[in-house]
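S.K.: Going down the list, the protein sequences come from chains Y and P. Residues 1 to 325 (this note's numbering) are what the first sequence spells out, left to right. Residues 1001 to 1257 (this note's numbering) are what the second sequence spells out, left to right.
What the hints contain is simulated information worked out from the structure, not anything from laboratory work. Hints may contain errors.
Claimed, not checked - Pulled a few chain Y residues facing chain P out of the computed Cβ check, cut under 7 angstroms: (1) S147; (2) Y150; (3) K185.
To be verified - Ranges of calculated distance between the beta carbons of each label pair, as one might list FRET restraints: (4) K198(Y) - G1022(P): 51 to 57 angstroms; (5) D1050(P) - E122(Y): 44 to 50 angstroms; (6) P1169(P) - D307(Y): 49 to 55 angstroms; (7) D1150(P) - E48(Y): 39 to 45 angstroms; (8) D1050(P) - A82(Y): 33 to 39 angstroms.
This structure is a prediction, so every number in the text was calculated from the model and none was measured. Note that the Cβ used here is the ideal one computed from N, Cα and C, for glycine as well.
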Amino acid sequence: MSTLLTYISVSDGKVKRSSLEVLSRCNQLAEENGLQSDALIIDPKANEVAVKVKAYGPSTIYTVEDPIFKNHLNTPLLKAMATALDQINPNVLAFASTESSKDILGALAANRDAAALADVSEFDLTNTGVKAKRPVMAAKIISSVESTSYPTILTVRSGSYDLIEKSVDSEVKEIAFSFDESDLKITLKEIIGATGDKIDLSEAETVVAAGRGAKDEEGQKLVEELASLLNGAIGASRALTEAGVYDPSLQIGQTGKVVSPQLYIAVGISGAIQHVAGMANSKVIVAINKDPDAPIFDIADYGMVGDLYEVLPPFIEELKKIVNS
Amino acid sequence: MKITVCIKQVPDVNAPIQIKDGQLIQDSNRKILNAYDASAVEAALVLQEDHGIDQVEVVLIGPEKAKETIRKALAMGADKGIHIITEEENSFDSFAYAQLLAGFFKDREYDYIFCGKQSQDTDSGLTGSMLAEFLGLPYTTNAVGLEMADGDLTAKRQGDSGQEIIELPSPGVVTCSNDMNDPRIPSLKGIMQSKRKPVDTISVTDLGVDLSEESTKTIINSYEEKPERKAGEKFEGEPEEIARKVAQLLDTEANVI
Ligand SMILES: Cc1cc2nc3c(=O)[nH]c(=O)nc-3n(C[C@H](O)[C@H](O)[C@H](O)COP(=O)(O)OP(=O)(O)OC[C@H]3O[C@@H](n4cnc5c(N)ncnc54)[C@H](O)[C@@H]3O)c2cc1C
Ligand SMILES: Nc1ncnc2c1ncn2[C@@H]1O[C@H](COP(=O)(O)O)[C@@H](O)[C@H]1O
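Turn these sequences into a full structure, and let the hints guide you.
M.R.: This is the structure:
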């Protein structure tokens, strides 16, 4: 039977919500089209992780277990993918859009002679491929695209679909895999600045984002206070990641991450299109900026015109009252 | 040692765009060097300055008009350009471009190939790793820093959370983020010199790549405006006052606290 296969992203043993969103969508498409929806987990503890994926009801959960997958490295991941795809032979392979999946999407498509659609915000099946919507031109425009052949491999923006639990007795099948270190070709020397225990920015419900207006220590302190009060993740504009104020992995926008939280608070951010490209799908946008004409106000639901050093302290106090009541 | 940078001419996302009958209409004069490729060129030039790399060349697939973008890279300081000329209206996707580039590189010498991490207009981010796979080369994507020692590159790759320090032996492919550097603005002297620098032209058919029906695997059917977000309410006045109002609205109206 032809299948839809969802790759489940795992980091430090945790399943990325965005890949369960993709799985939920694939389940739905499988049901509508009389196909099978399966999942693939490639991780040092893939079989343990499989248990957590069962609640989302793929027919078969394929696992590839090897210590080499502790950290992302494209060479072994591509080999594991190729091994798994030889066995499963799906029509569609879907990933959540992450830096890791973007790293291999092109190479995998070239290797499998497959069509590739990157970073889609919607997808559906056609008779011969996949049709999808993709934001382009710094997300000002939506393009309707289509792949004309199977297999099609795609990555899906986080927040594009809701999670739907489904009780099916998933079967777990382990795929045999071995990797010779001498085939690595590239060497991972170290990982710096990993923010393992913090809230995952791309999946956070609340994001407080700092821009050039909040570049000094006092600004950062206020941003941190606001984020921790609301249990939110901290993000930043390019102005501040470039200046080294915030870790580059916190950059939101065209070069950085795409976020779609319930609440996005832009502090001292002008709203350049490349920044907006990464946050325009937030449910509620609040902007604090001293320039009443800053473009961020054009998309903000609640705009606060003023100096952030004067507005944030009372704003934090007011929010504290609400949170604590 | 030679570094070849793949550069693309793209529409300027900052220029006004219209959509008519599902098609994008934009002033064809507003085409620019892809920002991520400008960073790739800059990275190659910095390595050349610091490590005495013999040659930095740029290769571009595009219509006649795209020559201006090759000149831009030469004005920044690249030594040589190669222009693979296409018809004005082609509908290649990343898969097709990567195949053409692979056909080009097949019989050429190079130590490293640099690409941009994505095209600024489409954000696809596919061509670089596709090219690496077609050529059977190791690669790293989304590089935000590059260092060279004994002729081999070490890339700092921005991953999902941390930055991965990756040794990439030559020959290999790197895709560059604009977080890597600030591309230099060509000087007047650079612009003058660029006019005398060699640009080889090759036609797509000369590459001997069989661009059959299947080489373009994705098509764009139409474009539409993104549903616009309406501006909400803007509060001005006393900081305490607007702070109180907005905090309350977030609680009672937006229900997000
Ligand atoms: C190819 C490309 C990709 C890019 N990718 C990204 C990306 O992923 N993410 C990104 O963010 N940018 C990206 N950029 C850069 C983007 O164009 C902007 O330069 C950047 O977003 C600006 O950051 P900013 O809003 O913090 O700074 P600015 O534009 O300098 O804005 C600062 C704002 O703070 C306000 N302000 C200053 N002081 C105060 C105060 N005391 N109180 C209140 N307000 C104050 C000012 O009025 C101003 O509006 C990209 C650019 C290119 C070309
Ligand atoms: N027509 C082209 N000519 C030269 N290089 C290209 C071309 N198209 C894509 N590339 C390279 O591939 C990168 C991005 O690929 P993509 O986002 O898949 O379009 C660009 O930054 C270039 O380095």
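S.K.: Does each hint hold? Answer for all of them.
M.R.: Hint by hint, here is what the structure shows:
1. S147: holds, 5 angstroms
2. Y150: Hint violated; Y150(Y) Cβ to chain P Cβ min 10 angstroms, cut 7 angstroms.
3. K185: OK, holds: K185(Y) within 7 angstroms of chain P, min 4 angstroms.
4. K198(Y) - G1022(P): 51 to 57 angstroms: Roughly 42 angstroms apart at Cβ, these two residues miss the hinted range, so it is violated.
5. D1050(P) - E122(Y): 44 to 50 angstroms: holds, 46 angstroms
6. P1169(P) - D307(Y): 49 to 55 angstroms: holds, 52 angstroms
7. D1150(P) - E48(Y): 39 to 45 angstroms: Since D1150(P) and E48(Y) have Cβ atoms about 42 angstroms apart, the given range 39 to 45 angstroms holds.
8. D1050(P) - A82(Y): 33 to 39 angstroms: holds, 38 angstroms
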